[in-house]
Amino acid sequence: MNFFKITRIHTAGFLFAMMALLIILQLLRIQTNVNAQVLREEAQARYGYERRRIIPERGAIYDRWGHLLAGNQEVYEVGLALNQVSDPQTIAMVAASLLDLNQADAFALASTPYVRGQQEYIVLKDFVSAETIQQLEDLQDQYANAKTRKGEITPNLNGLHWTGHLQRTYPENTLASNVLGFYSFRDRINGTGYFGVEEKYNELLAGVPLDVVLPVDPKEITEIPTVAPGASLVLTIDREIQASVERILDEAVERNGAVSGTIIVLDPRNNEILAMATTPRLDPNKYWEYSQIFPGATPYNRAISQTYEPGSVLKVLTMGSALDAGVVTPDTTFLDTGAIEVGGITIHNWDGGAWGWQTMTGCMQHSLNVCLSWVATELGPTRFYDYLKAFGVGHRTNVDLAGEKIWPLSLPGDENWYQVNLATNSFGQGVAVTPLQMAVSISAVANDGNIMAPHVVKAIIQDGKQRDVRPMIIGNPISAQTAHTLTEMLAVSLEEESSNALVEGYRIAGKTGTAQIPSPQGYLDDVTNASFVGWGPVDDPQFLVYVWIERPASSPWGSVVAAPVFRDVVKELVVLLNIPPDSIRQQIR
Amino acid sequence: MSERWINAYRQAPWRTQLQWIGIFLLALIGVILTAGLYLNITAQAAAAGVEIQIMEDERETLQRQISDQRTRLAHLTSAAVMEKRALELGYERADVENAVYVVVPGYTGRQLAPLALPANSINQEQPLVLPAYRQSLWEWLFQATLRLQNNRPQRGLP
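If you read the sequences in order, they're chains A and B.
Take 1 as the starting number for the first sequence in this note's numbering and just add one per residue.
Take 1001 as the starting number for the second sequence in this note's numbering and just add one per residue.
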C-alpha cells in the first residue's frame, strides 16, 4: 500500500483544510483591514460606551420643624424612538388626549422619518405626571394585548417611551416663596436657583454632577458610581408663623389699599428669621409667571431688596445712641416749640404743633421730630453717624438670602450730605434702609445691645451629617443698660398713648413710623410709608416684629395702619411660640 | 516489552492513525473544554452585568420614588391643607384670649426634629461589583493556582 497515494479522502481533506485556511485568512483580513479598524473604532465609540452625566438629587429645604418646603417629585419625559414607530395616527391621538398636545403637531412629530445618527429620538412632552404615565401604560398594555390576525396592523403605541426624572416642587406653593426663591427646573441642563435660599445656596443644594463613561457591553461590568445628593437645608422659618403672618399681611394690604406690605419676625436673641412675608408672592411651582407677578423693577423680596425711608422707627436708633452716649436720660426735658432750625432749614413736628416741655420718653411717645433733631444735634454729627454705622445702617446685614440691597448712608463730608441731614436722619428721613436692615439694627435694643447675624438657614445636612449654624454677634452698638432703658421707655410710650399695638397680658415695646416718600420732584404730599417695630415680652424679649405697609390709602399714619397689624401678628405669635401672658410666665420662671 | 509494542504498531498502521486521531481528539476536547469554560464564565459575567444594570436602574427608580413619596406627603400635610382639614373637623384657630397655660413638669418645649439620618444607619460605600467579575480567565486561573499553592500545608524541616 502506497502511503502517499492520493485518494478521494485526501482530496476532500485538502479541500476542507483549504476552506478552513481561507476562513482563517479572511478572519485575519477583517481583523487587520484598515477600514475594519476604523469601523471597529466607530462602533466602539458609538455603541461600546455610553457617556452619562449623573446629576445628583437637589437638596431639600425644610422649615425649622422639619416640614418640607422644597422637595423633588417624579415626573416623566415622553418621547418617540422613531425607528420603532409604526402607527403615528394612534400616537397622535393618545398624545392629544393624554398629553394635551395638538393632534396635528403630534402626528407630524410621530411621522418624522428616522435618520440614523441624526434623527432617532424626539421628545413629545416633558414633566408628565406619574398619573398620566399610568394611563399611558394601561393604554399601551391594552393595545399590546389586543387579539390580532396574522399580518393585520392594529393600533399600537410602538415607539412611545417614557423616562422618569425628578422635578423641583414646592408643596406649600406660595408660602415663604420670597424666602425660598425658585429653581428653574424646566431647564434640565442649566437649571439654577433664583432669589432667596435657592440662589444663595445653589451650589450646595445642587451637589456635584458626575460625568461617567459606562460600557454598553454587559460583560464589561462597571458599577455606576453613587453621587451624593445635594445638601439639604433646615431653615429658621416656622411654617405656621409664616402662614399666619402672610395671612395677616395680605388682609392688611387689602384692608388699607396699600401698594405692598412686608412683615419680618425675628428672634432677637439669635436673629433667626422666624417669618418673612412680603407681597406680591409667586408660586415657585409656576416660576415662569415671574414677569407677570413682578412687573418692571418690582423686587422679589421687599424685605431685603427694597430700600425706603423708614421714618420715625429710626428714632429708636437716635434715642439709643443719645442714651448710650450719655447725652440724654429718659427724664431729660426739652421744650418743644414746634420748630428747630438745623443747617438753615426749619424742622417741624409731624402735626406742625408745639408740644411744650417733654421728657425723652414723651418725645418718643409723641414721635416729635423737633425733639429728636435736637437730640441729634446734641449728640453731634460724628457720634450720631458713628452710632448709625454701629447699628449697621448703610451696610448689608449679610443675611443668607440672595438679592440684598443697600442704600449707602450719606456721611458728613460726602457731596450729598448737608447739615440738615443730621436732623432729618434723626427721624428717619433722608436715609434709606431695607425692612430687614431696620429690624436687625433695632434688634440690638431687644437683645442687651448685641446684634446677632441675621440668618434663615438653621442647619445644613450634608453627607448624612447635620451642621447647625451657630448664632454670631456682629455688633454691639449700645450697652445692655441702654438697651433696657430704651425698651422700658418705648414700653411706657405705647402704654401711655394706648397704642393700637398693645396686646393684653403682654408688655410690649415699640415705635411707629410714618415716612414721607421722596420723588425726583421732592417729597410726595399724599402718600406715606407706614411702619411699626415692636418686641416683647419687655422683660425677656423673644420676638421682634417689623411691619411696613407701603403707601396705604386708608390712613397715612403708622399708628393707625401698621400698629394694628403688629398687634394681630403678636396675638397669634405668642400662641405659636408658646409664650404665656406675663403674669403666668413670671410665676413659672 | 517495548519491542513488542513497537512491533505491534509497526504491524498495524491503523494503530498509528488511531493514535493521531486520539491526540487530535484530545486536543479538540481540550479546546472545547477551554472554550466552554470561557463561554460559561463570560455568560455568567454578562448575566451578572445585566442584573447589575437592572438593579442600578431599580435603585435609581426607588430613590426617585422615595423622594416623590416624601414630597407627596408634604403636599398632603401642607399648612393650607392641614388648616382646611382642622377647620372641617371643627377646630378653631387658637386665640390668645382663650389660651389656657398648664405647667407640665419636665417639659422643655418643642424640640427640633433631627432630619439627618442616625450615624449607624448610613450605609458605608462599598464596591458593588466584586473583583471576581472583572477578572479575565487567565487572571482567574493564575490566582486560583496561586491560592492553591498558598493553601498547600507547609512542612517544617526535621
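Hints were generated in silico from the structure; no laboratory data involved.
A portion of the hints provided could be inaccurate.
[To be verified] Below 20 Å or equal to it, Euclidean Cα-Cα: the simulated EDC-like pairs (lysine to aspartate or glutamate) are: (1) B:Lys1084 x A:Glu572; (2) A:Lys571 x A:Glu251; (3) A:Lys571 x A:Asp526; (4) A:Lys571 x B:Glu1056; (5) A:Lys219 x B:Glu1092; (6) A:Lys125 x A:Glu203; (7) B:Lys1084 x A:Asp463.
[Claimed, not checked] Only part of the chain A face toward chain B is listed, based on derived beta-carbon distances under 10 Å: (8) Leu166; (9) Leu175; (10) Gly207; (11) Val208; (12) Pro209; (13) Val213; (14) Leu214; (15) Ala243; (16) Glu495; (17) Ser498; (18) Leu502; (19) Arg507; (20) Val570.
Being a predicted model, the structure only gives us computed values, none of them experimental.
Ideal Cβ positions, reconstructed from N, Cα and C, are used throughout, including at glycine.
Unsatisfied constraints (hint numbers, rising): Per hint list: 3, 4, 5, 6, 7, 10, 11, 12, 13, 16, 17, 18 and 19 violated.
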